[in-house]
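Visitor: Below are the chains, spelled out letter by letter.
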Amino acid sequence: MSPASLHYNFLHESERVSSSPIRLRFMVPIFSCFIAACMVIIWQFYAIQVEAVKSRKTLVDDEITTMKGTYSNIVMDRALEKELQAELKQLSFYKASRNRVGETLHQLTNCVSDRVQVTEVRLAIVPLPKEIVKPNPKAPVPLGPTNRFDTVSLRISGRAQPEGGSGLVDGLLRSLQSPAFSNVIQSAVIPKGAFRQESNLRTSFMGEGGPREVLLFEINCNCLPRRYE
Amino acid sequence: MSIELPSYVQNLPRPLQQSIAVTIVAWVVACCVLVFLVLPKKNQFAEAYAQLQSSIMVRDSMKADIAKVEQQRNATVTLQSERDSFLSDHALEPLLGSLAMRAKSVLSLVSQQTGFVIDNVKELPAIPLRVPTPTALQLYSRQPVEFLGHGSYQQIVNFIAETEKQYPYVILTGLTVLAQVQTPEVHKAVIMFEWPVKGDKRQPAPTSQNQ
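Residue numbers (my numbering), protein chains in the order written: chain A, 85 to 313; chain B, 2 to 212.
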């Protein structure tokens, strides 16, 4: 039986020392103070940066102020350019709507026989049917017409001698349907009932000795539309 | 005033107590500096930096625009001359307040050349021209003018063709040729020509400053 070994601890608690070379008792407060100091340094850094940015902004703003006079002229110029572009665009709609008909009307004389008399030539813009759609009260009121084209019609009325007259009128119709007129006329038809015989006219169109009975005709042509585009 | 510390703290050795106290005070100071000084300053910096960037962008864009001032001026002058030349050459300006009389004076030479006799001229209501988007302040219209006259079919057609040739933007919009029983060779003609004319001028939209 071995005697119990006695171990006396005479070390005071405050005298106890860690085996680590770094003493937490000193390092933790130092580290905490270091963090606090860092925070102050960061705050100072941001404060200096803010001042620097503000002074730089003042310089840039001064530069902007000095340029404003010249710039306002450019803005006005730019607005004028936009205005002119819009005006020219509107005028281009007018330019685009041009369909020349003079030369085509010239050719008409070559297609009309001596035994046919044209009594009326009527070229007109056909009004568009009014829109049935209910107008939207919230939609802005348009400043001008919104239609992109106008339909144009040409009506030729006349009379012909009874002998061979139908052939002559048919010849005139075919001429109007031919490519020679295609730059103006899209389609040409004689409406139902428009080709008829009539008598008892007060005066004969071929003079006093001419026939008393005549063939009346009417040719309706759809012309190329006027496009405002 | 004294603070009563818990017994387990009181039992700690004095240097350790001091160390804990310094640590706590340092962390409190650090947190206060972070919350009350650093973060607000950081936000202030971010805001100031954003404002600076925006100002720099404005300045650079202004500088770039100013550098192109000559180009801009040339573009505007070109467009202006294009519009003005079109209007002076092709648009109808009133003669002593009458568009019909101006139209007659313009086409009287053509009528003499072709033999078509103009008996009467009538100004019809102007038709607004289709408006593009974006819309200009100055609007334009189509001005129809009716020419009532007489001549042979050839003279009438020559008058139209010659007008179209000499004045390319005078557009024929209506024509009625009526044969006359008494004069088979001379027809009555109603010719409607159209010119571009200046229409209403709109007021510019109020800017946001005025609103």
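Rather than coming from a laboratory, the hints here were simulated on the basis of the structure. Every value quoted in this text rests on a predicted model; they were computed, and no experiment measured them. A hint or two may mislead.
Here are some chain B residues pointing at chain A (derived, C-beta under 8 Å) [to be verified]:
#1 Tyr9
#2 Pro16
#3 Leu17
#4 Met63
#5 Val122
#6 Gln139
#7 Arg143
#8 Leu173
#9 Thr177
#10 Val178
Idealized CB from N, CA, C, for every residue including glycine.
Visitor: Are the hints correct? Go through all of them and say.
Guide: We went through each hint and held it up to the structure:
1. Tyr9: Violated: closest Cβ of chain A sits about 13 Å from B:Tyr9, beyond 8 Å.
2. Pro16: With Cβ-Cβ at 6 Å, under 8 Å, it holds.
3. Leu17: 6 Å, holds
4. Met63: Cβ of B:Met63 sits 5 Å from chain A, so the hint holds.
5. Val122: 19 Å, violated
6. Gln139: 6 Å, holds
7. Arg143: 7 Å, holds
8. Leu173: 6 Å, holds
9. Thr177: 5 Å, holds
10. Val178: 4 Å, holds
Checked against the numbered hints above, the structure violates hints 1, 5; every other hint is satisfied.
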